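Residue numbers for the sequence shown follow the numbering used here, so the first one is 286 and each next one is one higher.
Because the hints were derived from the structure by calculation, they are not lab data.
Mixed in with the good hints there might be a few duds.
As the list claims (entries may be wrong) - Each computed BS3-like pair below joins lysine-lysine, with the alpha-carbon atoms no more than 25 Å apart: (1) K355 / K530; (2) K530 / K432; (3) K530 / K352; (4) K352 / K432.
To be verified - Derived DEER-like restraints, expressed as beta-carbon distance ranges: (5) L429 / L534: 17 to 27 Å; (6) L534 / R439: 44 to 54 Å; (7) L534 / T415: 34 to 44 Å; (8) L535 / I419: 26 to 36 Å.
Computed from a predicted structure; not experimentally measured.
C-beta: ideal position from N, C-alpha, C; glycine also.
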Amino acid sequence: MPWTRPQVDLHAAGAEAMDQYNMDDHHYEGSLFPTSTLIPVTVICILIFIIGVTGNTMTILIIQHFKDMKTTTNLYLSSMAVSDLIIFLCLPFDLYRLWKYVPWLFGEPVCRFYHYIFEGCTSATILHITALSIERYLAISFPLRSKVLVTRRRVQYIILALWVFALVSAAPTLFLSVMVVVLAFIICWLPYHIGRNLFAQVDDYDTAMLSQNFNMASMVLCYLSASINPVVYNLMSRKYRAAAKRLFLLHQRPRQASRGQRQLCVNDRLSTLNESLTGV
286 MPWTRPQVDL HAAGAEAMDQ YNMDDHHYEG SLFPTSTLIP VTVICILIFI
336 IGVTGNTMTI LIIQHFKDMK TTTNLYLSSM AVSDLIIFLC LPFDLYRLWK
386 YVPWLFGEPV CRFYHYIFEG CTSATILHIT ALSIERYLAI SFPLRSKVLV
436 TRRRVQYIIL ALWVFALVSA APTLFLSVMV VVLAFIICWL PYHIGRNLFA
486 QVDDYDTAML SQNFNMASMV LCYLSASINP VVYNLMSRKY RAAAKRLFLL
536 HQRPRQASRG QRQLCVNDRL STLNESLTGV
């Protein structure tokens with residue numbers, strides 16, 4: 286996640302305060318945090334990365350591989366999984382900033398593109414959740430009319446429009462040094478946006494340290510949000526679990542058409558009818 290602006294002056298001023306905080310003995314060279322904080326946070330982030338990448342990749346493969354899984358709701362979830370998967374590309378850079386706050390070794394173009402990707406995918410996820418909520422509202426409140434209005438082709442056009450809008454709205458990060466403030470959603474994103482606004486301009490070392498600690502906690506929550514989406518939206522669905530089982534069995538028995546598999550297809554269709562109103 287994008288951090289507050291580089292505090293070069295504060296970093297220099299903080300050198301005098303390092304003795305006060307015993308940073309020489311307990312801090313990794315170039316980091317603002319003690320190793321007792323860096324190690325557990327890094328382990329947590331790596332676990333979140335593994336869970337998030339695995340879960341979102343499975344979501345994309347399952348929805349794209351099985352035709353009966355390509356419902357309008359699942360199209361939104363698949364596209365949102367792509368957004369979350371791209372967000373995880375930023376995690377290695379955030380871990381680098383934790384361990385080596387200064388200097389930034391990857392150059393300004395990479396820095397700007399990193400901010401652009403994060404802002405664009407964050408906006409895309411927010412827009413997808415909004416569109417999905419509207420689609421579910423229509424399906425529940427107007428079930429007959431929604432079947433006519435909400436078609437797969439129209440949802441695909443809406444998803445394309447959401448991505449275009451999200452990427453265009455994030456474009457200023459490619460050209461401006463001040464990051465674009467995006468809308469916050471759910472609990473996981475709220476600390477990040479609050480912290481970025483509260484600590485964007487700090488003038489003393491103590492406040493800068495508070496800012497970076499707040500940012501570190503927010504970073505974990507942001508990536509946690511991206512990793513739990515497959516669990517929240519897919520793994521709780523019996524239909525999704527059945528499709529995941531089919532995906533794993535596909536390569537083990539590629540040409541078998543057993544009676545049990547045909548029965549599984551019947552169960553999937555019944556599950557589809559039962560879940561048509563909930564969309565999960």
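Next on the checklist: Could you work out which of the previously given hints the structure breaks and list their numbers from low to high?
Outcome noted: Structure breaks hints 2, 5, 6.
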